[in-house]
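2 protein chains.
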Amino acid sequence: MIKIAVDLTGADRPQEELVSGAVRAASENPELFLYLCGSRSALEGAIDASAPMERIELVDCTQVITNNDDPTEAFKTKKDSALVRGMSLCKSDPEIGGFVSCGPTGAIFVSALMLLGRVVPVSPMLLVELERTDGTPVCIVDCGANVDCRAEKLVDFARMGTAYMKAVGVSEPRVGLLSNGAEDKKGSAVVKQANELLHKSGLRFIGNTEANRVLEGEADVIACEGFAGNILLKSIEGSAKAALSELRRLTEGRLSPESEAGKAVAELYAKYDFNTRGGAFLLGTKLPIVKGHGAATSETVYNIVCAAYRLAANGLTEKIKAEFGKQPRQ
Amino acid sequence: MIKIAVDLTGADRPQEELVSGAVRAASENPELFLYLCGSRSALEGAIDASAPMERIELVDCTQVITNNDDPTEAFKTKKDSALVRGMSLCKSDPEIGGFVSCGPTGAIFVSALMLLGRVVPVSPMLLVELERTDGTPVCIVDCGANVDCRAEKLVDFARMGTAYMKAVGVSEPRVGLLSNGAEDKKGSAVVKQANELLHKSGLRFIGNTEANRVLEGEADVIACEGFAGNILLKSIEGSAKAALSELRRLTEGRLSPESEAGKAVAELYAKYDFNTRGGAFLLGTKLPIVKGHGAATSETVYNIVCAAYRLAANGLTEKIKAEFGKQPRQ
Numbered sequence: 341m342i343k344i345a346v347d348l349t350g351a352d353r354p355q356e357e358l359v360s361g362a363v364r365a366a367s368e369n370p371e372l373f374l375y376l377c378g379s380r381s382a383l384e385g386a387i388d389a390s391a392p393m394e395r396i397e398l399v400d401c402t403q404v405i406t407n408n409d410d411p412t413e414a415f416k417t418k419k420d421s422a423l424v425r426g427m428s429l430c431k432s433d434p435e436i437g438g439f440v441s442c443g444p445t446g447a448i449f450v451s452a453l454m455l456l457g458r459v460v461p462v463s464p465m466l467l468v469e470l471e472r473t474d475g476t477p478v479c480i481v482d483c484g485a486n487v488d489c490r491a492e493k494l495v496d497f498a499r500m501g502t503a504y505m506k507a508v509g510v511s512e513p514r515v516g517l518l519s520n521g522a523e524d525k526k527g528s529a530v531v532k533q534a535n536e537l538l539h540k541s542g543l544r545f546i547g548n549t550e551a552n553r554v555l556e557g558e559a560d561v562i563a564c565e566g567f568a569g570n571i572l573l574k575s576i577e578g579s580a581k582a583a584l585s586e587l588r589r590l591t592e593g594r595l596s597p598e599s600e601a602g603k604a605v606a607e608l609y610a611k612y613d614f615n616t617r618g619g620a621f622l623l624g625t626k627l628p629i630v631k632g633h634g635a636a637t638s639e640t641v642y643n644i645v646c647a648a649y650r651l652a653a654n655g656l657t658e659k660i661k662a663e664f665g666k667q668p669r670q
Numbered sequence: 341m342i343k344i345a346v347d348l349t350g351a352d353r354p355q356e357e358l359v360s361g362a363v364r365a366a367s368e369n370p371e372l373f374l375y376l377c378g379s380r381s382a383l384e385g386a387i388d389a390s391a392p393m394e395r396i397e398l399v400d401c402t403q404v405i406t407n408n409d410d411p412t413e414a415f416k417t418k419k420d421s422a423l424v425r426g427m428s429l430c431k432s433d434p435e436i437g438g439f440v441s442c443g444p445t446g447a448i449f450v451s452a453l454m455l456l457g458r459v460v461p462v463s464p465m466l467l468v469e470l471e472r473t474d475g476t477p478v479c480i481v482d483c484g485a486n487v488d489c490r491a492e493k494l495v496d497f498a499r500m501g502t503a504y505m506k507a508v509g510v511s512e513p514r515v516g517l518l519s520n521g522a523e524d525k526k527g528s529a530v531v532k533q534a535n536e537l538l539h540k541s542g543l544r545f546i547g548n549t550e551a552n553r554v555l556e557g558e559a560d561v562i563a564c565e566g567f568a569g570n571i572l573l574k575s576i577e578g579s580a581k582a583a584l585s586e587l588r589r590l591t592e593g594r595l596s597p598e599s600e601a602g603k604a605v606a607e608l609y610a611k612y613d614f615n616t617r618g619g620a621f622l623l624g625t626k627l628p629i630v631k632g633h634g635a636a637t638s639e640t641v642y643n644i645v646c647a648a649y650r651l652a653a654n655g656l657t658e659k660i661k662a663e664f665g666k667q668p669r670q
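Chain order of the listed sequences is A and B.
Converting from the first sequence to this note's numbering requires adding 340 to each position, the first position being numbered 1.
Converting from the second sequence to this note's numbering requires adding 340 to each position, the first position being numbered 1.
If you are wondering where the hints come from, they were derived from the structure by calculation, not from laboratory data.
Keep in mind that a hint or two might mislead.
All copies of an identical chain are treated as equivalent in the list; a pair is satisfied when it fits inside any one copy or across any two copies.
List time: in silico EDC-like cross-link candidates among lysine to aspartate or glutamate, alpha-carbon distance up to 16 Å [as the list claims (entries may be wrong)]: (1) 525 x 357; (2) 416 x 357; (3) 661 x 356; (4) 603 x 368; (5) 532 x 488; (6) 493 x 524; (7) 525 x 471; (8) 525 x 410.
Please read these numbers as outputs of a predicted model, since none were measured by experiment.
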């Protein structure tokens, strides 16, 4: 049995709606046990009679942390929020393998660092997994948790991404360094230095990757500083959706949703709608944390609970320790 | 009459093929005079009898600068290349209003700085114009000429982009600062400082712009440091094309090229194919320079010659001087 703690509060949509996604994840995965943190009365009324309640425990919380709260202040003063209660459970119950929340990123980071601590001596980071056009996964790390990084941090991101990809089943992940040119000498001063360090890192470094090669290239891990990673991630989403929206406009509504092309457009639009599709992974604390977007739907919650379960089942934390343990002394 | 000098060498495709695009631009614009620089014999054989030869002068050059040449070395030793000869003409003939080349960016930069010099005391920069999904233009500057910039340079980029947008007909261009969040306090240290400077710059600054808002947002000018700008530009191209390619694959070739949807996909794919579609603008030297991609086609050359003509006709250089003349002392 793998236990996952789920904070159902703090998102745009109400917990009564989001909970069905978590319940669905439990129904489909017989080895998954959920702590659902929120308002007990709200959740009880919303959970379907067919839910596997023998593997679900409701954790009644009276407070909610929102985007308007200062993260550190919220952590200190809202001890009975679903976010802090859920994270506290992660600390006290060694059977819990991961935490899921659609609440504010800052408060999640603060709570995770205060209650769980780091798994290896590196800064926590945000990783997002995308699907390449050939259907295989690629991850981008860091996606915005760390800006103005030194070159050594980019190597940490590459190493964490390598551990993550191993946990999702890629045996020898190839690392690409995001840069403004494919040649080793291209990039900012930090990127050029990171390129040198990556060549000596023991990782499977395949050189610089340009932004137009992320979805159709060779790298399984795109290592980048958080500012550039955030630009990359948001422009991938924005551009793919923009092109598909334009296609709908160009055909002036005559692309029937029932037609093969119409269905394919809808499928791709959903694929590139990162807000509702999936989550970002906060890696570096003692348990993997999956953070859904504030605009998350019940479907998102289903996806991110499953993602947390899979990472816990595949031993991400052990893989991170192993990967950083191999790190050559520099 | 506006004269434009065109270097037809140094691209992947032969000058005999590319020249037809330049000739077409001259045929369609009766006030455009072209200096076509390349091999006279090659060009003479390729130019159609219907070309307006009274407004075309061939400049016979014996050397070619390629991507394998060191830019500074090439400038010094290949004085009879189409690139250096064309740029020299720009220096000596005051009627020339712009320069066009698909040759190596580095050599164009060096030649432009050595022969033309700066129009205002700022670093030359690369600007790319894109079409928003509503059909209006947006420019990204800098797209890769300057990395590791100080905040003041980002303000220069915003100012140059403003002058450019005025030259293409946007009367009060809105400037957005590329960042990893919409709030003023979001960004790298340099971006946060640039945000403060832009608020005091006298430009129409509308705040930070996230990468997913470039094609569907409010800013006419996206100001960014060259590393981030390059990531943004390449990921817009890569992601839009990837989504459209996936659509073709999802429909397994059953999206007939003759169908309305099939035609729309082809149109959008061409729109987002920046390699062949258009060019980048090297701004900051005394004449506007339009740089086509190495993979340029005859169609690209047509587009970039027309773009250079339009900028010269609309007085870009004067607009740049005016915009930088207004700069408040800081």
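Here's how the hints hold up against the structure:
1. 525 x 357: neither (51 Å within a copy, 33 Å between copies)
2. 416 x 357: neither (28 Å within a copy, 70 Å between copies)
3. 661 x 356: Cα proximity of residue 661 and residue 356: none, with 37 Å in one copy and 60 Å across.
4. 603 x 368: Cα proximity of residue 603 and residue 368: none, with 26 Å in one copy and 42 Å across.
5. 532 x 488: both (14 Å within a copy, 12 Å between copies)
6. 493 x 524: Answer is neither; intra-copy 18 Å and inter-copy 25 Å both fail.
7. 525 x 471: Result: close neither inside a copy nor across copies, 29 Å intra and 32 Å inter.
8. 525 x 410: between (41 Å within a copy, 14 Å between copies)
Checked against the numbered hints above, the structure breaks hints 1, 2, 3, 4, 6, 7 and satisfies the rest.
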